[in-house]
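Enquirer: Sequence:
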Amino acid sequence: ASAARSRSPPRGGRASGSSAASEADAKASHDGGGAARAKELDPAMLDGHSAKDIFENKSNLMGFTYDDLICMPGHINFGVHDVTLHGNFTRGIRLKTPVVSSPMDTVTEAKMAIAMALEGGIGVIHTNLSIEDQAREVLRVKKYESGFIMDPICIPPTMLISDLDKLRAKSGFEGFPITEDGNMGSKLLGLVTKRDTDFVKERGSTVSSIMTKFADLVTAAEGVDLLAANKILKESKKGKLPVISKSGRLIALMSRADLQKNADYPNATKDKNKSLMVAAAVGTRPVDKDRVRALVAAGVDAVIVDSSQGDSVFQHDMVRWMKHEFPDLQVVAGNVVTKRQAKNLIDCGADALRVGMGIGSICTTQEVCACGRAQASAVYNVAKIARAYGVPILADGGISSPGHIVKALSLGAGAAMCGSLLAGTEETPGEY
25 ASAARSRSPP RGGRASGSSA ASEADAKASH DGGGAARAKE LDPAMLDGHS
75 AKDIFENKSN LMGFTYDDLI CMPGHINFGV HDVTLHGNFT RGIRLKTPVV
125 SSPMDTVTEA KMAIAMALEG GIGVIHTNLS IEDQAREVLR VKKYESGFIM
175 DPICIPPTML ISDLDKLRAK SGFEGFPITE DGNMGSKLLG LVTKRDTDFV
225 KERGSTVSSI MTKFADLVTA AEGVDLLAAN KILKESKKGK LPVISKSGRL
275 IALMSRADLQ KNADYPNATK DKNKSLMVAA AVGTRPVDKD RVRALVAAGV
325 DAVIVDSSQG DSVFQHDMVR WMKHEFPDLQ VVAGNVVTKR QAKNLIDCGA
375 DALRVGMGIG SICTTQEVCA CGRAQASAVY NVAKIARAYG VPILADGGIS
425 SPGHIVKALS LGAGAAMCGS LLAGTEETPG EY
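Convert by adding 24 to the 1-based position in the sequence shown; the result is the number in this note's numbering.
Since the hints were made in silico from the structure, they are not lab data. Built from N, CA and C at the ideal position, the CB exists for glycine as well. Warning: the hint list may mix true and false statements.
[As the list claims (entries may be wrong)] Here are the computed lysine-lysine pairs in the DSS-like style, where the Cα-Cα straight-line distance is at most 27 Å:
{"no.": "1", "residue 1": "K194", "residue 2": "K255"}
{"no.": "2", "residue 1": "K76", "residue 2": "K255"}
{"no.": "3", "residue 1": "K218", "residue 2": "K255"}
{"no.": "4", "residue 1": "K262", "residue 2": "K190"}
{"no.": "5", "residue 1": "K313", "residue 2": "K261"}
[Unchecked claim] Computed beta-carbon distance windows for the label pairs:
{"no.": "6", "residue 1": "F350", "residue 2": "D157", "range": "49 to 57 Å"}
{"no.": "7", "residue 1": "S210", "residue 2": "G263", "range": "28 to 36 Å"}
{"no.": "8", "residue 1": "R219", "residue 2": "P290", "range": "26 to 34 Å"}
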């Protein structure tokens with residue numbers, strides 16, 4: 025207490041000669057050296073700890089959660105518009121918004137995956153579906169926004185309007201091209217949109233009786249580029265633009281809504297064909313190989329092997345098989361929490377790793393199996409070895425606030441996987 029008082033100026037507001045000299049010496053120790061020294065990092069001014077100090081201190085036997093740590097504030101000499109949050113989901117997929125929706129049946133199906141991709145993240149379709157249903161969810165995402173739609177859903181002229189209503193409810197689309205045999209690549213007869221059927225009371229009529237006929241359509245010739253097709257759509261003020269061959273066969277389709285989405289979502293995660301990107305989860309059972317084949321056929325961009333303990337012979341075999349059968353498919357392995365686990369899966373060819381064990385909102389691995397690790401420690405240590413091999417990691421679990429996402433990224437994660445943070449929103453499956 026006396027030492028503290030000796031550093032305070034007397035009541036008159038003026039310091040004594042000795043204390044003033046002491047303060048001047050302390051100030052000089054930080055300010056000395058002029059402008060050149062100001063650019064250097066003064067160790068005396070560092071009153072926090074680096075991640076290396078915290079996680080690589082051999083005398084420290086503790087594991088750290090996100091809530092055990094806080095980021096020290098620093099000097100700001102930039103604006104919000106200068107901040108870039110780009111991160112890697114896998115070796116081959118980069119996100120402008122490093123957030124991934126978890127493959128939980130209460131979180132991610134097509135609607136959530138579409139919303140995530142539009143905002144610059146990516147969604148992972150859960151595996152608690154039949155193979156056909158999961159592939160269909162992937163297909164819905166891939167068809168949602170695609171520039172040129174190379175395989176639109178076509179219908180025959182004999183389809184009843186009542187059947188068209190069912191197709192709309194099932195697919196989520198409103199407009200369909202009508203071809204001779206109801207297949208892509210056959211002769212285009214017309215288009216049917218929502219406005220064609222809105223005021224039709226007799227739902228037993230065929231679509232050919234209410235469609236916009238081919239002669240009244242605005243079309244583009246085969247070989248048209250994206251910019252020219254966009255210009256035709258804008259000038260014609262039509263909702264759909266069929267691309268046809270010289271013989272009148274349907275080659276592709278463009279949607280006016282896609283142009284609006286491109287303007288509204290500049291950060292959208294898209295593939296080289298301008299389709300939204302999507303991932304899906306699978307297990308490690310033999311039947312899951314059929315699931316992977318179906319997902320690849322549907323256009324999935326990445327497959328996540330969904331397991332609480334990723335370093336198993338079953339997952340090793342699954343990862344190797346996928347990389348052998350589908351070399352271009354991005355494979356995310358996990359979950360892991362140690363460097364040894366991470367190295368084993370990297371050696372199998374994993375393109376990314378999920379990190380986290382027993383810390384998810386509904387996960388019981390730590391309680392039931394007595395296995396796991398504090399998440400901040402797991403993310404830092406796995407990221408350290410994964411980065412040496414150019415493999416991104418996903419911080420999976422324990423994310424209950426935006427601050428936790430910041431901490432995960434600061435500790436080396438390429439993206440944060442969120443489950444409970446997104447559950448119960450409008451885009452999630454089911455009703456709440």
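Enquirer: Does each hint hold? Answer for all of them.
Expert: Now the hints, each set against the structure:
no., hint, in the structure
1, K194 / K255, "violated (31 Å)"
2, K76 / K255, "violated (54 Å)"
3, K218 / K255, "holds (23 Å)"
4, K262 / K190, "holds (25 Å)"
5, K313 / K261, "violated (46 Å)"
6, F350 / D157: 49 to 57 Å, "violated (21 Å)"
7, S210 / G263: 28 to 36 Å, "violated (22 Å)"
8, R219 / P290: 26 to 34 Å, "holds (29 Å)"
When each numbered hint is compared with the structure, violations occur for hints 1, 2, 5, 6, 7.
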